[in-house]
Amino acid sequence: MQPQAFYRAVADDFSAVDGIIKKQLTSRVPLVSKIGDYITSAGGKRLRPLLVLLCGKALGREGDDLRLLAATIEFLHTATLLHDDVVDMSGMRRGRSTANAMWGNAPSVLVGDFLYSRSFEMMVELGSMPVMKILSQATRIIAEGEVLQLSKVRDASTTEETYMEVIRGKTAMLFEASTHSAAALCEATPEQSEALRTFGDHLGVAFQLVDDLLDYKGDAQTLGKNVGDDLAEGKPTLPLIYTMREGTPEQAALVRQAIQKGGIEDLESIREAVEASGSLEYTAQLARDYVARAIKCLEALPASEYRDALVELSEFAVARTH
2 MQPQAFYRAV ADDFSAVDGI IKKQLTSRVP LVSKIGDYIT SAGGKRLRPL LVLLCGKALG
62 REGDDLRLLA ATIEFLHTAT LLHDDVVDMS GMRRGRSTAN AMWGNAPSVL VGDFLYSRSF
122 EMMVELGSMP VMKILSQATR IIAEGEVLQL SKVRDASTTE ETYMEVIRGK TAMLFEASTH
182 SAAALCEATP EQSEALRTFG DHLGVAFQLV DDLLDYKGDA QTLGKNVGDD LAEGKPTLPL
242 IYTMREGTPE QAALVRQAIQ KGGIEDLESI REAVEASGSL EYTAQLARDY VARAIKCLEA
302 LPASEYRDAL VELSEFAVAR TH
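Residue numbering for the sequence shown is 2 to 323, as defined by the numbering used here.
Derived from the structure by calculation, the hints contain no laboratory data.
Because the structure is a prediction, the values reported are computed rather than measured.
Just so you know, nobody snuck in bad clues.
Derived DSS-like pairs: lysine-lysine, alpha-carbon spacing no greater than 30 Å straight-line:
hint	residue 1	residue 2
1	Lys262	Lys153
2	Lys218	Lys153
3	Lys23	Lys46
4	Lys46	Lys35
5	Lys134	Lys297
The calculated label-pair distances, taken between Cβ atoms and stated as ranges, are:
hint	residue 1	residue 2	range
6	Glu282	Gln5	22 to 28 Å
7	Leu149	Gly45	22 to 28 Å
8	Lys134	Ile265	38 to 44 Å
9	Ala43	Met130	28 to 34 Å
10	Gly92	Val125	32 to 38 Å
11	Leu149	Phe121	20 to 26 Å
12	Gly128	Glu162	38 to 44 Å
13	Ser118	Lys262	34 to 40 Å
Beta carbons are placed, not taken as given, at the ideal position from N, Cα and C, and that holds for glycine.
Using the sequences provided together with the hints, build the complete structure.
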């Protein structure tokens with residue numbers, strides 16, 4: 002269990018969610034269970050199921066349904082990770098080899114499909130049509146976000162507006178679905194439901210902004226992934242977009258060329274250009290702005306240790322180094 006107070010607030014529930022995840026990974030096909038267990042035991046932050054638990058308990062909800070919803074969200078997230086790593090041809094995640102590097106692309110995609118399918122079985126078990134509506138729409142929007150990102154690979158003309166559309170789809174949507182579905186399960190007031198939906202969106206945007214910032218600021222050992230992965234794949238993330246827009250002509254040309262050809266041959270030069278142009282501070286400030294707006298949304302909830310934990314979790318999202 003992580004030491005942060007926002008985990009301790011729901012420690013028993015969090016442990017129960019782990020138990021549900023292990024149980025739901027069971028399959029008559031051993032390789033399914035093996036790959037599923039490998040990726041779910043990788044030691045991720047599990048922020049999305051944590052959000053479900055904290056939001057639900059902040060609204061006064063207790064019981065197995067909230068835990069089942071949290072596990073469902075984690076299955077959706079894990080399925081997207083398996084698919085993402087295949088699409089991105091990633092070899093490292095959370096400090097160790099990806100499933101596709103271990104077993105190949107085909108098994109990884111198919112086990113991702115299994116996890117998606119299992120998550121929908123769990124939704125049916127919950128028996129909440131509002132929750133199912135939120136999560137089924139979310140899976141569609143996430144897929145659209147991933148395809149939009151794919152269509153912009155090596156496209157140096159990508160704008161900040163398009164970038165924000167990409168990260169809202171591929172990352173922020175599942176944060177939003179986590180908080181919004183928790184509100185739906187708890188039958189929250191319309192005001193609370195909208196506040197938590199918006200909270201999740203803003204927190205998710207901030208989280209991805211920091212992720213993209215760390216791709217040029219972090220180190221592989223701390224991050225648990227390869228530094229420069231986005232550049233290697235030719236992804237025009239905000240630090241690069243800002244550098245092309247606000248940097249010197251030389252900096253802009255360097256970044257534009259790097260995006261168009263992909264690879265990390267010029268990584269150090271790019272990191273220097275990104276730092277010198279002010280894009281890292283711009284990205285960090287935007288993340289802080291989104292978190293401030295997210296925390297403001299929490300005023301719709303009654304005061305409690307769970308609301309306090311949501312505030313602390315939000316502050317952690319922008320202060321993290323991995």
